[in-house]
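Visitor: Sequence:
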Amino acid sequence: MLPGLVGPEVEAAVNRLANGDVAMLENIRFDPGEEANDEAFVEKLAALADLYVNDAFGTAHRAHASTEGIAHHLSAVAGYLMAKELDALGGVLENPRRPLVAIIGGAKISTKIGVLENLLRRVDTLWIGGAMACTFYRALGKEVGKSLVEEEWVETASKLLEGAGKGRGEIKLPIDVVVAPEAVAGSPTTDVVWTEIPADQMVVDVGSETCSRIAEDCKTAGTVVWNGPLGIYEIEDFARGTRRVAEALGASGATSVVGGGDLAAALDQAGVVDSISHVSTGGGATLEFLEGKELPGVAALEEKVAL
Numbered sequence: 379m380l381p382g383l384v385g386p387e388v389e390a391a392v393n394r395l396a397n398g399d400v401a402m403l404e405n406i407r408f409d410p411g412e413e414a415n416d417e418a419f420v421e422k423l424a425a426l427a428d429l430y431v432n433d434a435f436g437t438a439h440r441a442h443a444s445t446e447g448i449a450h451h452l453s454a455v456a457g458y459l460m461a462k463e464l465d466a467l468g469g470v471l472e473n474p475r476r477p478l479v480a481i482i483g484g485a486k487i488s489t490k491i492g493v494l495e496n497l498l499r500r501v502d503t504l505w506i507g508g509a510m511a512c513t514f515y516r517a518l519g520k521e522v523g524k525s526l527v528e529e530e531w532v533e534t535a536s537k538l539l540e541g542a543g544k545g546r547g548e549i550k551l552p553i554d555v556v557v558a559p560e561a562v563a564g565s566p567t568t569d570v571v572w573t574e575i576p577a578d579q580m581v582v583d584v585g586s587e588t589c590s591r592i593a594e595d596c597k598t599a600g601t602v603v604w605n606g607p608l609g610i611y612e613i614e615d616f617a618r619g620t621r622r623v624a625e626a627l628g629a630s631g632a633t634s635v636v637g638g639g640d641l642a643a644a645l646d647q648a649g650v651v652d653s654i655s656h657v658s659t660g661g662g663a664t665l666e667f668l669e670g671k672e673l674p675g676v677a678a679l680e681e682k683v684a685l
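Position one of the sequence shown corresponds to residue 379 (this note's numbering), numbered consecutively onward.
A couple of the hints might just be wrong.
Each computed EDC-like pair below joins lysine to aspartate or glutamate, with the alpha-carbon atoms no more than 20 Å apart [to be verified]:
id, residue 1, residue 2
1, K462, D652
2, K524, D465
3, K671, D409
4, K486, E472
Using C-beta positions, here's what the derived DEER-type ranges look like [as the list claims (entries may be wrong)]:
id, residue 1, residue 2, range
5, G662, L429, 37 to 43 Å
6, E612, F408, 28 to 34 Å
7, V400, T489, 23 to 29 Å
8, V431, S586, 43 to 49 Å
9, S488, F408, 48 to 54 Å
10, A396, A563, 30 to 36 Å
11, R394, A418, 50 to 56 Å
12, V455, G545, 36 to 42 Å
13, G600, P386, 53 to 59 Å
Worth flagging that the hints you see were computed from the coordinates, not collected in a lab. Glycine included, every Cβ here is placed at the ideal spot set by N, Cα and C.
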């Protein structure tokens, strides 16, 4: 472990390294030049090495000194994990086995709108789960009790529903949901159809019939991409839908690409991690890739390859 990030003392320690030695720098975010992608800081980092390998896909969406800036000063290549991530996620967007099914969960449409819009142009079926589905229910004119609704995004949800199926993928919403009076452990739950959510209840998970229908789509799919839990996964009583779908996906035989830390835990609990084609290590990077955005850390590597 070196005593810092840059400077004469660090340079001297690096120069003393023998073949096979490894030196670890201090946490790079301790220096403000990292997030600022400061050119002077980048040049000092680059002076420590001959070759740059980026194997941190999870930070590839950040244009920081260690993820983007340094790649312009050294011979730069992708590491094995980075290459695996780009191959798996790129395969979903560019050359998937069909039918292509997407399952997008989570609480807010505002954090997933770019993903929804981009995937809807590419998939055959798009399942929407989690609390996000309630904003779509509201767009269909239904009441959702005490459930989370992003009122400012209802019109956007309505436009997505109107455009679905017109040369684009089909949107499917949960046909039944699990509701509870409060989003707390031990709260009593009931499975109801989506049009009959009680005024004093909130949606906490997808229902059993919805799980069965998602499982059927997974069974007949060529490729499934899944991002975001389908219920309030942090609470055991509201995690059953996510686990059931994880089990179905693991048994499906489809090429499967899953992103998100919560989902990785669900796959592990369901005992199907080894049956999933690819579990992405990226959070924000995975979302931005699925949105179709250029990732600065990846673009810098591609520029080197082009040269």
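Visitor: Below or equal to 20 Å on CA atoms is what counts here, so check K671 against D409.
Guide: 27 Å, violated
Visitor: Holds or violated: the 48 to 54 Å window for the beta-carbon distance between S488 and F408?
Guide: About 32 Å separates the Cβ atoms of S488 and F408, which means 48 to 54 Å is violated.
Visitor: For the hint 30 to 36 Å, verify it against the beta carbon of A396 and that of A563.
Guide: Once the Cβ atoms are compared, 55 Å apart, the range 30 to 36 Å for A563 and A396 is violated.
Visitor: Does 36 to 42 Å hold as the CB distance between V455 and G545, or does it fail?
Guide: 39 Å, holds
Visitor: For V400 and T489, compare the CB-CB distance with the range 23 to 29 Å and indicate the outcome.
Guide: Roughly 38 Å apart at Cβ, these two residues miss the hinted range, so it is violated.
Visitor: Need the status of pair K524, D465: alpha-carbon distance at most 20 Å?
Guide: 41 Å, violated
Visitor: Would the hint linking K486 and E472 be met if the CA-CA limit is 20 Å?
Guide: 26 Å, violated
Visitor: Does the Cβ-Cβ separation between G662 and L429 fall within 37 to 43 Å?
Guide: 27 Å, violated
Visitor: Cβ-Cβ distance between R394 and A418: within 50 to 56 Å?
Guide: 25 Å, violated
Visitor: CA of K462 to CA of D652, is that 20 Å or under?
Guide: Holds: K462 and D652 sit about 16 Å apart, inside 20 Å.
Visitor: Please check whether G600 and P386 have a Cβ separation lying inside 53 to 59 Å.
Guide: 57 Å, holds
Visitor: Can you tell me whether the CB distance of E612 to F408 sits inside 28 to 34 Å?
Guide: 31 Å, holds
Violated hints, listed in ascending order, are 2, 3, 4, 5, 7, 9, 10, 11; each of the other numbered hints is respected by the structure.
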